[in-house]
Amino acid sequence: MASSSSSSLSRVVVKSSDNNLFVVNKKVASQSQLLKQCIDNMEEKGTNDVILIPLSNVTSNILTLVLEYCEKHADFADDDNNNQELKQWDHEFLKKFDYATLNSLTMAADYMVTKSLLNLCCQFIADSIKDLTVQQIRQIFDIKNDFTPQEEADIKNENAWAFR
Amino acid sequence: MTVEILKMVFPLLEGVDLASCMVVCKQWRDVAQDDYLWKCLCARRWPSLCKRPSPSTVTYYKLYGTFHKRQRRRFLLPPRLSLSDLDFYIDIWAEGQLIFSEVVSGPVLDAGIVNLPTGISDILRYHLAGPDYKMMVPVEPRFSVPVGQTASVSVLAGRKDLNKFACIINKAMFDDYVDRTSFRALAFDYLDFSPAHPFISGIRAWISLLFTDDGTDKVPDVFGIEMDFCDAANNEKEVLWLLDMLDWK
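Residue numbers (our numbering), protein chains in the order written: chain G, 1 to 164; chain R, 1001 to 1249.
Quick caveat, the hints were computed from the structure, so don't treat them as lab data. Don't take every hint at face value.
Stated by the list, open to error - Below, in silico cross-link-like pairs of lysine to any residue (SDA-like), each with a Cα-Cα straight-line distance of 20 Å or less: (1) R:Lys1026 / G:Ser16; (2) R:Lys1026 / G:Trp89; (3) G:Lys130 / R:Gly1065; (4) R:Lys1007 / G:Asn103; (5) R:Lys1026 / G:Ser60; (6) G:Lys130 / R:Gln1027; (7) R:Lys1026 / G:Ile140.
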């Protein structure tokens, strides 16, 4: 196969932490700044081989979700950012997940530098915290209260202004 | 949740939600008490505040918590007046005829009616059991106001510590005397405040006649008299503060 310096790859292979391989269209992969950087670097070197990008921090079920998001957003990449259909899709997309998944997805979005997904997850978590009581927050996010009763009383007292 | 995620999520929260997060667990508290978050919240509310270098003695957290909304609760110092300094001179007329005339001391009015007599409607019983602060005195012997007659009331307060008087109610009529469905007749008058408190007005003293309900058409008896200042004062301390501000002469 002839190699040229202006070659552009159409696909990359991404490997999850549990060693599953995902073949990803370049346009889709470019939604992640981490993957895009890898692709750009390889293209600069003029490589025409298929690139394998290992992601040591992302399991295959989470990677599937990130790629689903990237695929959808790649489809809308040329539209303006305020596309209502896309916003609706984003919301429905996140609504499906339990907290643990949402947490992993957020970390993966951070690691893969998929900024729009990261912002989306953070806003979603912030919206879920809004107007909840302390007890409800602990339940939803499965958090153990590690304050002693005295500490909890003190900090509640300090924040009493917020609880009325 | 990792600290990194919390650090991204917390800036998106409003102050009250961030305060709730502080109480969730130690990890959340440590992230949420970063004063930079509170500085951003303060900057949204009072943008000019951040034009000055950081306040040295107070954190933005403290500032936000203190002023995030107007303080509703009043923190009153102990009143300078006590109930035992007070006497109330209560006079009631029906069509110009004096039908009740007593000097009632502050503590007696505060003690209220210890044992409610039988034959009181549920509506009135409910009102009397309510949380609002009221001063009451039993009427003994009971009196009644004949149908069709209008009744009026005057109340003077005397304070022994200054040896002065103030007008609480000046010949106020019991307006809805005819309507006996609530088994109360109400009269009010606006309080006169000392010139030391020039911006206060519109606060009333209320007097109620409390009626029995014997289930007949007979004209009911007045078994008690209630006084309150529910426009402004809802506990003993507040009432004493209010009375202290009157135009004592």
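Do the hints match the structure? See the list:
For the proposed pair lysine 1026 of chain R and serine 16 of chain G, the alpha carbon gap of about 33 Å is over 20 Å, so the pair is violated. Distance restraint check for lysine 1026 of chain R and tryptophan 89 of chain G: the Cα-Cα separation of roughly 35 Å exceeds the 20 Å cut-off, and the hinted pair is therefore not satisfied. At roughly 17 Å between alpha-carbon atoms, lysine 130 of chain G and glycine 1065 of chain R fall within 20 Å of each other, so this suggested pair holds. Among the hinted pairs, lysine 1007 of chain R with asparagine 103 of chain G is consistent with the structure: their alpha-carbon atoms are about 13 Å apart, no more than 20 Å.
The hinted pair formed by lysine 1026 of chain R and serine 60 of chain G fails the criterion: a straight-line CA distance of about 32 Å is larger than 20 Å. For the given pair, lysine 130 of chain G sits about 19 Å from glutamine 1027 of chain R by alpha-carbon distance, which is consistent with the 20 Å threshold. Straight-line distance between C-alpha atoms of lysine 1026 of chain R and isoleucine 140 of chain G comes to about 17 Å, which keeps the hinted pair within the 20 Å bound.
Going through the hint list in order, the structure does not satisfy hints 1, 2, 5.
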